[in-house]
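Enquirer: Now for the letters of each chain:
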Amino acid sequence: MTALRRRTLLRAAAAGTTVAVAGCARDASSVQAAVVWNGDELARFRAVVANFPAPVRVIGVGNDIDSFLAARQSAGTSPDVAVLSRPGLVVEYAERGWLSSVTPTTSYAPPAGLADLLTVDGQRYGVWIKAAHKSLFWYFPSLLEEPPKTWDQLVSQTRRLAARHRADGGPAPLAVGAADGWVLTDWFENALLDVAGAGVYDALARGEADWQGQPVQYALDRLAELWSVDGAFPDGGRRALLTQFEESVIQVVHHRSAVMVFEADFVDAAAARFRRGDEQLSTFRFPGARHADKPLIVGGDVAVAFAGSAGGVELVHWLSKRTAFGPWLEAGGYLSPNLDVPVESHRDPLRRRLAEELRAADTVQFDLSDRLPGTFTGTDGVGIWRIMQDFFMEVTDGTAARYAVSRTTRALAAAARAARRRR
Amino acid sequence: MSRVPLLGELAVLDDVGAPRRGRAYPAEGATWALLAPAVLLLGALLAWPVLRTVQASVTSDGRWVGAEHYRAAFAADGTGAVVLRTVLWALLVPAVVTVLGYLLAVASRRSQEGWLVRLILVVPIALPLVVTGVTFRLFYDPDPERGLATLVLARLTGRAAEQAPQLLGPELVTVAVMSAFVWAWAGLAMLVFRAALDTVPADLADAVRAFGGSRRDVLWDAQWRPLLLRTVAVVFALVAVGTSRTFDLILVMTPGSVRDEAAVLALRIWQTSGATTTGEGAALGVIWLVAVTVGMLGAALFIRQAWPLPQPPAVPAPVAPPPRRLVRLFAAGAAVAWLLPLAALVFTSLQHPDRAAVEAWWSRHPTIESYAAVLDNPELWRSFRFTLMLATVVTVAVLIVALLAAYPLAWLTGPPALAIGLALLAMAVVPVQVIAGPIHEVLGMGFSSGTVQGLALVHIALGVPFAVLVLRNAFADLPADRIRAARLSGWHWWSMLRLLVQHNHRALLAVAVLEFVQVWNDLVVGLLFSAPAAPLGLFLQSQTREFVTSSGTLAAGSVLASILPVLMVLLASRQIVAGLVAGGVR
Numbered sequence: 001m002t003a004l005r006r007r008t009l010l011r012a013a014a015a016g017t018t019v020a021v022a023g024c025a026r027d028a029s030s031v032q033a034a035v036v037w038n039g040d041e042l043a044r045f046r047a048v049v050a051n052f053p054a055p056v057r058v059i060g061v062g063n064d065i066d067s068f069l070a071a072r073q074s075a076g077t078s079p080d081v082a083v084l085s086r087p088g089l090v091v092e093y094a095e096r097g098w099l100s101s102v103t104p105t106t107s108y109a110p111p112a113g114l115a116d117l118l119t120v121d122g123q124r125y126g127v128w129i130k131a132a133h134k135s136l137f138w139y140f141p142s143l144l145e146e147p148p149k150t151w152d153q154l155v156s157q158t159r160r161l162a163a164r165h166r167a168d169g170g171p172a173p174l175a176v177g178a179a180d181g182w183v184l185t186d187w188f189e190n191a192l193l194d195v196a197g198a199g200v201y202d203a204l205a206r207g208e209a210d211w212q213g214q215p216v217q218y219a220l221d222r223l224a225e226l227w228s229v230d231g232a233f234p235d236g237g238r239r240a241l242l243t244q245f246e247e248s249v250i251q252v253v254h255h256r257s258a259v260m261v262f263e264a265d266f267v268d269a270a271a272a273r274f275r276r277g278d279e280q281l282s283t284f285r286f287p288g289a290r291h292a293d294k295p296l297i298v299g300g301d302v303a304v305a306f307a308g309s310a311g312g313v314e315l316v317h318w319l320s321k322r323t324a325f326g327p328w329l330e331a332g333g334y335l336s337p338n339l340d341v342p343v344e345s346h347r348d349p350l351r352r353r354l355a356e357e358l359r360a361a362d363t364v365q366f367d368l369s370d371r372l373p374g375t376f377t378g379t380d381g382v383g384i385w386r387i388m389q390d391f392f393m394e395v396t397d398g399t400a401a402r403y404a405v406s407r408t409t410r411a412l413a414a415a416a417r418a419a420r421r422r423r
Numbered sequence: 001m002s003r004v005p006l007l008g009e010l011a012v013l014d015d016v017g018a019p020r021r022g023r024a025y026p027a028e029g030a031t032w033a034l035l036a037p038a039v040l041l042l043g044a045l046l047a048w049p050v051l052r053t054v055q056a057s058v059t060s061d062g063r064w065v066g067a068e069h070y071r072a073a074f075a076a077d078g079t080g081a082v083v084l085r086t087v088l089w090a091l092l093v094p095a096v097v098t099v100l101g102y103l104l105a106v107a108s109r110r111s112q113e114g115w116l117v118r119l120i121l122v123v124p125i126a127l128p129l130v131v132t133g134v135t136f137r138l139f140y141d142p143d144p145e146r147g148l149a150t151l152v153l154a155r156l157t158g159r160a161a162e163q164a165p166q167l168l169g170p171e172l173v174t175v176a177v178m179s180a181f182v183w184a185w186a187g188l189a190m191l192v193f194r195a196a197l198d199t200v201p202a203d204l205a206d207a208v209r210a211f212g213g214s215r216r217d218v219l220w221d222a223q224w225r226p227l228l229l230r231t232v233a234v235v236f237a238l239v240a241v242g243t244s245r246t247f248d249l250i251l252v253m254t255p256g257s258v259r260d261e262a263a264v265l266a267l268r269i270w271q272t273s274g275a276t277t278t279g280e281g282a283a284l285g286v287i288w289l290v291a292v293t294v295g296m297l298g299a300a301l302f303i304r305q306a307w308p309l310p311q312p313p314a315v316p317a318p319v320a321p322p323p324r325r326l327v328r329l330f331a332a333g334a335a336v337a338w339l340l341p342l343a344a345l346v347f348t349s350l351q352h353p354d355r356a357a358v359e360a361w362w363s364r365h366p367t368i369e370s371y372a373a374v375l376d377n378p379e380l381w382r383s384f385r386f387t388l389m390l391a392t393v394v395t396v397a398v399l400i401v402a403l404l405a406a407y408p409l410a411w412l413t414g415p416p417a418l419a420i421g422l423a424l425l426a427m428a429v430v431p432v433q434v435i436a437g438p439i440h441e442v443l444g445m446g447f448s449s450g451t452v453q454g455l456a457l458v459h460i461a462l463g464v465p466f467a468v469l470v471l472r473n474a475f476a477d478l479p480a481d482r483i484r485a486a487r488l489s490g491w492h493w494w495s496m497l498r499l500l501v502q503h504n505h506r507a508l509l510a511v512a513v514l515e516f517v518q519v520w521n522d523l524v525v526g527l528l529f530s531a532p533a534a535p536l537g538l539f540l541q542s543q544t545r546e547f548v549t550s551s552g553t554l555a556a557g558s559v560l561a562s563i564l565p566v567l568m569v570l571l572a573s574r575q576i577v578a579g580l581v582a583g584g585v586r
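Keeping their order, the protein sequence lines are chains A and B. Read in order, the letters of the first sequence correspond to residues 1 to 423 in UniProt numbering. Read in order, the letters of the second sequence correspond to residues 1 to 586 in UniProt numbering.
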């Protein structure tokens, strides 16, 4: 019996029994939503959907939402709606026929390039409901007088600060949470977008470009140039590999053992909690080759509706409204991916500025690792996360950049091939 | 994660030993009705999923592909290292735990402060492995400002704190996880050895001495040959099977950058397939399944051969002098070493949540703000209520199903008894990661996966084999004349069952406590079979994502989650050991 036929049989049996067992999964009156969030973000989202006409049951699943949904699908008990942070998953699910196509409201306007990520064969399968600005460096102005404007300036400043750090134990130039693989992939993506341009970046994401080609090599060369600076990180690269993202923020805002930390707009939550003194963090954009070059990488979360769920389609439609996320905008810490949402409705000044940058940028590229297929997309110890951590380990440990780069591009190409084969 | 019974193998392994029940009382017509619930559960949620996994490992979309998945799984980067590491775990760690357990049992046996040492060592047994993981990640924190072990290592090696060896770094992370596991299991080994040593007839040692035997001869002829050989085998096998639980520890203890350096098969399968079945994951799973089963059965048969003649119950008569000073020092040292990680956990939980992320846990005056923050979290309360409800329901259900099934099985003798014993044993050690995908399919047919009922059903199915084994052994040990008397006076089988229950309340209590603690402490079943609410293990694990910044509340939550299982195991420890060992000594 083929798996397909067997699955159909299972589904039929399931349909027969679940009706009898009172259909606990698909209750017509209430909608079930599985989301990637935990903690604060989960609470905020609950506040948002409290305004939806029907009751919504929200389950916070966390990062393993893919295996959660796959298991639910095989059991025939998918939720009505899922919120995912990987558009790659949306495409995969849609191709397997798990999803319903959705229609957003007229007040839904995501940045160009983002909406296309959610369409398969001309059908739209999800809407963007939250954005993250992933091209920011954070620093205290008292420790860094002049923020670098180009990549070369960043490197030279890092060298200078590192020399001082080695000499008199002043703060190291950079903090990096390399224990979390996504931090390193965010570094890589910014560098890649700047050296390769949107075309190649996009082709890599679609699996159409060669990972061993020159653009990837150049991007890795760049990172190696910066990361291999002796004394670049507090207590060295091996310690950085055991430092998680939020701890790296602590190194800057609390211990002041590092001057700059690169990451997304949500740094401000950790910074507010652990900051000592009154000084506020400032930001500068991830620098490109020239003054004018400012790569902009965004991440974000997508809402999708599962096949056969009318309530789910309705909820996704409702979430695409300009006004839906009012409570979260009000609470702060939320950047809307909907360009129709007025900039002024973002409560904190930082988000207001970022919202403007989102509108001003001529190219907005979505986080590359979140677009990659299968296990290549990365999680702890797996895929591109792991590959970038190995690369970081090598260049901070004194391996020649040339060797590290060629080994890494080989690993990336192999992982891309394996992911394609498995699909 | 396989359901590795805590103290179970004692009784379990015994039973596949010499067929020592010479009284065949065939069950009445109700046999099949009594067996039906257990057979249905185990068939649908264990046996069938295992078959499906085997099928998935040799097919692709229903097409026969032979060994292709196996080849692909082994061609994947690092699989060889993962398999080697799993084998290392299964050989090295049990050896260390066995030796430590024996030494601690001897050292803490007759001294006055021995009870304190035992108490300290028994607490880690009851902790959820997630909590053990949290404890050791705090203890081994690479920042000497927070990690006591790192600070001590830096002092010992004479290096600057920043250059100190990193216990969680790529080279040492496996050793670090192993040490946490030894910490958690040595107490159990100690308990078992202690129970064994207490049953060694004292006059045997006297006899050896009377014939001019040295200390070594006493150890060899009065302890090793009659008893310890078998106990060592039991403990070794028990811990070896237990090493498949490392999954929880690895997930909590290792930062993402070193997870691969610590990975074992359990983790690799989960990384490859999650809660579904993929060809490669299934292939790895089948390999693991075969290894676990073969190892388990091999151990069972080995122990059977090593099984000595049944001994008359010994009257423990402490004739030996109290242990020497060196031995007592060893016990005291062990107690301190075991206490330090616990101190790290408790004192971190007594820090302000924000301070716990940036300062040493030994530097501040305690506050209860982390507890306040945790108790303020409605998710924790939901999780508590849910776990309590789940563990209670599962325990009751397992007891009922197992009682019914154990009754007819207890009358079997000879090869059928042995065969059923081995089959139950094999089912008790099936690693649940391997069969998660097919279980989801089965749940989807009847109930629904992703519901509370589904989660409870999986727990019940995983708990039943072990419970049946223990209860069957206990039942089979009821003195034959009592049964004969009962039957002659014309009792029905249900009166018989009642008599058995009354006579075996210790075994029942042991099974109930162990099952409850098992479910309460679970992470992996909750992870693979998520329900609308998160069980405690999953709740804690989800907070370890940014470990350092949540360490204060995480420690507080861990302490709160540990209170109930620790109390239960401590209060019932005597009954647990007695209830489980009962079949063995008689």
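Worth flagging that the hints you see were computed from the coordinates, not collected in a lab. Be careful, since some hints might not be right.
[Claimed, not checked] Okay, the calculated beta carbon distance ranges per label pair:
id : chain 1 : residue 1 : chain 2 : residue 2 : range
1  : A       : G97       : B       : G78       : 50 to 56 Å
2  : B       : Q163      : A       : E208      : 51 to 57 Å
3  : A       : S107      : B       : R71       : 41 to 47 Å
4  : A       : Y218      : B       : V152      : 42 to 48 Å
5  : B       : G78       : A       : S30       : 52 to 58 Å
[What the hints assert, rightly or not] Just a sample of chain B residues kept apart from chain A, beta carbon distances all over 12 Å, derived:
id : residue
6  : A30
7  : E113
8  : G169
9  : V173
10 : V182
11 : V200
12 : D203
13 : L267
14 : S273
15 : V358
16 : A426
Ideal Cβ placement from N, Cα and C applies to all residues, glycine included.
Enquirer: Now look at each hint and say whether the structure bears it out.
Expert: For each hint, the structure was consulted:
1. A:G97 with B:G78: 50 to 56 Å: 34 Å, violated
2. B:Q163 with A:E208: 51 to 57 Å: 46 Å, violated
3. A:S107 with B:R71: 41 to 47 Å: Violated, at about 53 Å.
4. A:Y218 with B:V152: 42 to 48 Å: 45 Å, holds
5. B:G78 with A:S30: 52 to 58 Å: Cβ of B:G78 to Cβ of A:S30: about 45 Å, so the range 52 to 58 Å is violated.
6. A30: Non-interface label stands for B:A30: nearest chain A Cβ at 28 Å, farther than 12 Å.
7. E113: Holds: least Cβ distance 38 Å, greater than 12 Å.
8. G169: Given a closest Cβ separation of 6 Å, the condition is violated.
9. V173: 10 Å, violated
10. V182: 22 Å, holds
11. V200: 47 Å, holds
12. D203: Non-interface label stands for B:D203: nearest chain A Cβ at 57 Å, farther than 12 Å.
13. L267: 8 Å, violated
14. S273: 8 Å, violated
15. V358: Incorrect as stated: the minimum Cβ-Cβ distance to chain A is 5 Å, not above 12 Å.
16. A426: 25 Å, holds
Hints 1, 2, 3, 5, 8, 9, 13, 14, 15 from the earlier list are contradicted by this structure; the remaining hints agree with it.
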